[in-house]
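Participant: Chains as they are written, first to last, in the working numbering: chain A, 1 to 256; chain B, 1 to 256; chain C, 1 to 256; chain D, 1 to 256; chain E, 1 to 256; chain F, 1 to 256.
Worth flagging that the hints you see were computed from the coordinates, not collected in a lab. Some hints here could point you the wrong way.
No distinction is drawn between identical chains; accordingly, a pair holds when it is met within one copy or between any pair of copies.
[Stated by the list, open to error] No more than 30 Å apart at the CA atoms, straight line, and that leaves these computed lysine-lysine pairs for BS3-like:
1) LYS117 x LYS226
2) LYS117 x LYS236
3) LYS226 x LYS184
4) LYS157 x LYS184
5) LYS164 x LYS238
6) LYS150 x LYS72
Number of protein chains: 6
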Amino acid sequence: ILRVEVDGERVGQINGLTVIDMREHSFGHPVRITSNVYMGQEGVVNIEREVKLTGPIHNKGLLILSSYLGKKYAQDMPLTLSARIAFEQTYEEIEGDSASSTELYCLLSSLSGYPLKQGIAVTGSVDQFGNIQPIGGVNEKIEGFFRYCKFRGLTGKQGVMIPKQNLIHLMLDHEVLEAVESGKFNIWAIETVDEGLEILTGVPAGTPDESGKYPEDSVHGRAKAKLRLLMEEAAKLKKALQKDEKDGKESSSNDN
Amino acid sequence: ILRVEVDGERVGQINGLTVIDMREHSFGHPVRITSNVYMGQEGVVNIEREVKLTGPIHNKGLLILSSYLGKKYAQDMPLTLSARIAFEQTYEEIEGDSASSTELYCLLSSLSGYPLKQGIAVTGSVDQFGNIQPIGGVNEKIEGFFRYCKFRGLTGKQGVMIPKQNLIHLMLDHEVLEAVESGKFNIWAIETVDEGLEILTGVPAGTPDESGKYPEDSVHGRAKAKLRLLMEEAAKLKKALQKDEKDGKESSSNDN
Amino acid sequence: ILRVEVDGERVGQINGLTVIDMREHSFGHPVRITSNVYMGQEGVVNIEREVKLTGPIHNKGLLILSSYLGKKYAQDMPLTLSARIAFEQTYEEIEGDSASSTELYCLLSSLSGYPLKQGIAVTGSVDQFGNIQPIGGVNEKIEGFFRYCKFRGLTGKQGVMIPKQNLIHLMLDHEVLEAVESGKFNIWAIETVDEGLEILTGVPAGTPDESGKYPEDSVHGRAKAKLRLLMEEAAKLKKALQKDEKDGKESSSNDN
Amino acid sequence: ILRVEVDGERVGQINGLTVIDMREHSFGHPVRITSNVYMGQEGVVNIEREVKLTGPIHNKGLLILSSYLGKKYAQDMPLTLSARIAFEQTYEEIEGDSASSTELYCLLSSLSGYPLKQGIAVTGSVDQFGNIQPIGGVNEKIEGFFRYCKFRGLTGKQGVMIPKQNLIHLMLDHEVLEAVESGKFNIWAIETVDEGLEILTGVPAGTPDESGKYPEDSVHGRAKAKLRLLMEEAAKLKKALQKDEKDGKESSSNDN
Amino acid sequence: ILRVEVDGERVGQINGLTVIDMREHSFGHPVRITSNVYMGQEGVVNIEREVKLTGPIHNKGLLILSSYLGKKYAQDMPLTLSARIAFEQTYEEIEGDSASSTELYCLLSSLSGYPLKQGIAVTGSVDQFGNIQPIGGVNEKIEGFFRYCKFRGLTGKQGVMIPKQNLIHLMLDHEVLEAVESGKFNIWAIETVDEGLEILTGVPAGTPDESGKYPEDSVHGRAKAKLRLLMEEAAKLKKALQKDEKDGKESSSNDN
Amino acid sequence: ILRVEVDGERVGQINGLTVIDMREHSFGHPVRITSNVYMGQEGVVNIEREVKLTGPIHNKGLLILSSYLGKKYAQDMPLTLSARIAFEQTYEEIEGDSASSTELYCLLSSLSGYPLKQGIAVTGSVDQFGNIQPIGGVNEKIEGFFRYCKFRGLTGKQGVMIPKQNLIHLMLDHEVLEAVESGKFNIWAIETVDEGLEILTGVPAGTPDESGKYPEDSVHGRAKAKLRLLMEEAAKLKKALQKDEKDGKESSSNDN
Ligand SMILES: [Ca+2]
Ligand SMILES: [Ca+2]
Ligand SMILES: [Ca+2]
Ligand SMILES: [Ca+2]
Ligand SMILES: [Ca+2]
Ligand SMILES: [Ca+2]
Ligand SMILES: [Ca+2]
Ligand SMILES: [Ca+2]
Ligand SMILES: [Ca+2]
Ligand SMILES: [Ca+2]
Ligand SMILES: [Ca+2]
Ligand SMILES: [Ca+2]
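Generate coordinates for the entire structure from the input sequences, incorporating the hints supplied.
Facilitator: Here it is in structure tokens:
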């Protein structure tokens, strides 16, 4: 009884894809990934990693994701946030970097506030510059999400986002191919995080101008604004707490 | 000789449910969970985890609980508190995430000051957004708490709170079914933390207004107020200690 | 050649009870527990735990003890102290939570300055709220301390303090029973830390008034005052060191 | 499907060379190394090391690299940056110090902003003073990169940079030798980091004047300037956040 | 070729005694223990413990020693020093608490500046209050140091300081007994750290007056004064560095 | 192809000596040790230790070296520096304390800026007070360095510095003895760090005057001055960064 959604859109929630190996077959399987962002100093924390339920390749992907954030947003300010990413309702060890782009999209949704289309499942690793890199098990993952969507009802807006370099590996079941050809199911093949963001949110990712600023109403623009806001609000709060006692009490009685 | 209570109400105390596997049967068993909240910087600490008496799935649940607090209360202030959760009188390793919602209710009671009804035992995991997720052993847990309450005396107000998604797993003993039908025992099936809080406290959980503020006399409202108070009082204290010596002595002679 | 004392009273020193398992019998054995409190930031440190001479159940008891202090004294100020608890002249691993109340009394004696009666040995675990919980080996512990006191000379003021819930387990040697009946030896059965404190110190534990303050001449009152004093004196010292050089020298020549 | 580039130039990206041992042969293999630099306090972090995918000799090389940076840039200011180095698309443990100079060039490109020629693959360890030291497998590495470039198309600008002390170990395939002799492929043999930097960037490394300053338009000059800028901008930001609320809001609405 | 001295006096140097077990015999053996004290925040560090060349019982003794310092000197100021204790020229693991008083005397000599008589070797453990507690191998230790002194030349001022509670274990060789009886060798049996300090330094340990101050020219008086001086000088230095640049340069040219 | 130098002089570089055990023989072998010193808070770091390529006895020697620095330079200021020591081009675990004095000389050269004579190889451990202590394998080490120098060409200024206490162990090859007798090779036997420093640098080590100051043009004088300068420059920089924005920009455009 998984809480995976395949319709509508959500902030901070995305469908990843895992592969389960059985004796003779291996099956793709959707997994719900969520993230929260709030004021604090903890940085980007993957909950499974904290409790040692991940392997080193996954963790490498996570650090690359975090370095991407640094390159993208921390040229003129430090990254000061608390963010947590979790694979909900999973109980086994998670290994491999094929969900690193997925985790990144989820986090950028929480940061920017733009919701992600829940009908799209994502696989693909990401490098330090935001390039999408190929992964394994691409056919099982597509077929697995197709089966799941078919069981829940195909909407025509559902599908899987994969790295462009994996296109040459595609050998899909006839049923899936037909669904794709008839527009009942989709395969998006991408090269960069920015392409993926635009497909998932329907909003421009945001290209920086000469001075390095992102457009306000873009994913990167809002994500950066949120990071700046968290930093500024923390600084304002710290200053307010340093004021005298009477002031403190007054502001406190109005802020819950 | 356990100190489990099945009547009245208490702040920072709740009944969880564990399953003990014997050779041919497995039995549900109540366990008293308590929490304290005080001024400090240690964050939310599960005592069993600190001494390595928990497994990774439990710890994952604990971090999800903590992320929920961040999302809920730390959008405009950092989480600055010391909170400790303990499974009293347990001496074995604790594993699984089926008590993560239970631990969260216990903590929110300590934070808000609202007491929890001791006649209700709780099972269910929670996701980063406060959704309740299904768990295992639901029948054994319900039957186990029923037996315990029957031994202590059924009041009609007792029962077990379970995840709604577990309803399809229910296959209870005839005696328990009859008790439920006749109103001597209860089963509450819920979907969110907020539903659970209202059943356990009899008080609204608290829906935020457009500006994100919770109603004052709600669980979240008071929990947030307590967090703010702890932060503000710590700041005030720090400032008072920076004043000159004579002032310091005077305030000190009146504050114990 | 143990330094265990069974007469008089001491600050920061108490008799705990361990059980030693031999092939056919198990024997209770007194152990001297001591504590020191001083200015610093290290918190409550059990020396055996630091050097990995304790097991997880003992450590759980220690964290519960520490949470009790937080609930009791850190509602309006953080716990800023350095405290160390040691089992003197023990060389084996310590496991179990049956000395957690004993360690707590010892620490509260150091904090409050009230001496503890050395003729009383204590066993019992404590929960996060200060309730005393039952432990194992109660008969061996009582008989062990009786033998030790008899060897050193019975005074009529000696005895063992046990959890009330252990009363139903009592099956003592005829000799011990007679000594208890004739007033040569005592058994105190208690339910809370406050009861234990009053027996060990002869001073009220201290009930907080509506504003949460403890009476000045009570154990909790003086413990809280000491915590406040350590915090205030550290703040004063920090300020004095920030004054100019000449002042610094002058105060320094008078303060050793 | 590796993203290794063998033409053009890139900031923060370089080709390293690994050797893969098969039963009877060993093959050189290019690997793409990338780095990001941003504001923060984390220092120089190798991502593989963080996730325990490196061996001690690699880590020793990394610390030597970091000590080189200290000697070079931190005589009059502390190193305050966040830098991350990753071996993209590698999934096995990395051991040996033969890429330590390669990692250093990559990082100095990110710091200085000067792009590196992607047609050059680099092998060689570096000591604490910036001397290049010999490594193993030099022939396999050169032949491996030659094969890769030939497959992608020889440009005449491609080749391998090796430590001068390895010249005596060269025993290359006839095809490679011919390509080198005919100018279709190159071997650069160097003794210092500065020589390597000039070959990779086409820009002077930068010799310090008597007061220890590097020329502005040199690799070291720009790297040092970037380090100073990161430190200064962080200080400016910290000060701006300490200003009053209205100011804060204004600057915030213009800075994304 | 050990550097053990058996004549004269030294600051921060003392002779400890180890027992080496051979197949049929065990021999006592002197070991030179040294300590340094300087400005810093590292606290009391035993070098062997840092490199994991000690066992848990030794470490327990070290923490008790450190707690003794807290009780003795840190009632009105925190312990802010860097102190290092080493067993010179030892290469095996050190276990047991029989040198904890020895380490304490060595450290108090460094702190107070009073030299210790090198003709005296010391064995004995210490509790949190400064009581000396019995140890094992007392005869081997005394005989071992006697042999060593005899080899180097008996002065009549040499001997071993042991815990008083070990007197009942004494069964010494005829030769040692005669030397003791004829005043050529000495055995001091003590109960407290203060007794030991006076024998080793020839100076009063120092009894605190009603306000808790130690006499200036006593071991504790000077040790406390040194701790206060280190704290005050660090504070003065910090302030001086916050002054303006020109001042800084001037003071700098005069202070080496 | 080692970069060991046996002629001239270098700052922060020295020859250590290792012994390699073969089946029937053991050979001494030179190893180049280097160090860097720069602004920072990391203290003295041995790179091999950081990557766990050293054993506990080596690490003990390193901590003793660090304690020596504390005693020598940190009586009136804390040690605030970043220093890194490395054994260049070594790939095996390093154990034993026979290079602890060698590492210390190397570091004191980096600190003082005085170059060390590269024709001298050094072996010997050091205690907390700067006394040189005997080591093992003295003959193999001397003979090994002699062979190496002979291969590179004897200059008459080359030789090995050993602990005086090792003189009684000398049993050198006839060829080495002749070279020593004829002045073609040297053996220096020393007792203290100060003796060693003067031989290696040709400069006085520096005896403190009554107020504890070292002569300006001595090794300790310049080392202490460098430590003070690093501390002062860091403080000045911190202050400069706290000035206003325009000032910051100006100073920044002149300082690379
Ligand atoms: Ca308030
Ligand atoms: Ca409020
Ligand atoms: Ca006061
Ligand atoms: Ca008071
Ligand atoms: Ca002073
Ligand atoms: Ca003084
Ligand atoms: Ca703002
Ligand atoms: Ca903005
Ligand atoms: Ca200066
Ligand atoms: Ca100076
Ligand atoms: Ca600037
Ligand atoms: Ca500049």
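Participant: The structure should be examined with respect to each hint, and the outcome stated for every one.
Facilitator: Hints and how they fare:
1. LYS117 x LYS226: within (21 Å within a copy, 37 Å between copies)
2. LYS117 x LYS236: neither (35 Å within a copy, 40 Å between copies)
3. LYS226 x LYS184: neither (36 Å within a copy, 52 Å between copies)
4. LYS157 x LYS184: Within one copy only: 7 Å inside, 49 Å across.
5. LYS164 x LYS238: neither (47 Å within a copy, 42 Å between copies)
6. LYS150 x LYS72: Neither. Shortest intra-copy (38 Å) and inter-copy (35 Å) distances fail the 30 Å Cα cut-off.
Comparing the model with each earlier hint shows violations of hints 2, 3, 5, 6; every other hint is respected.
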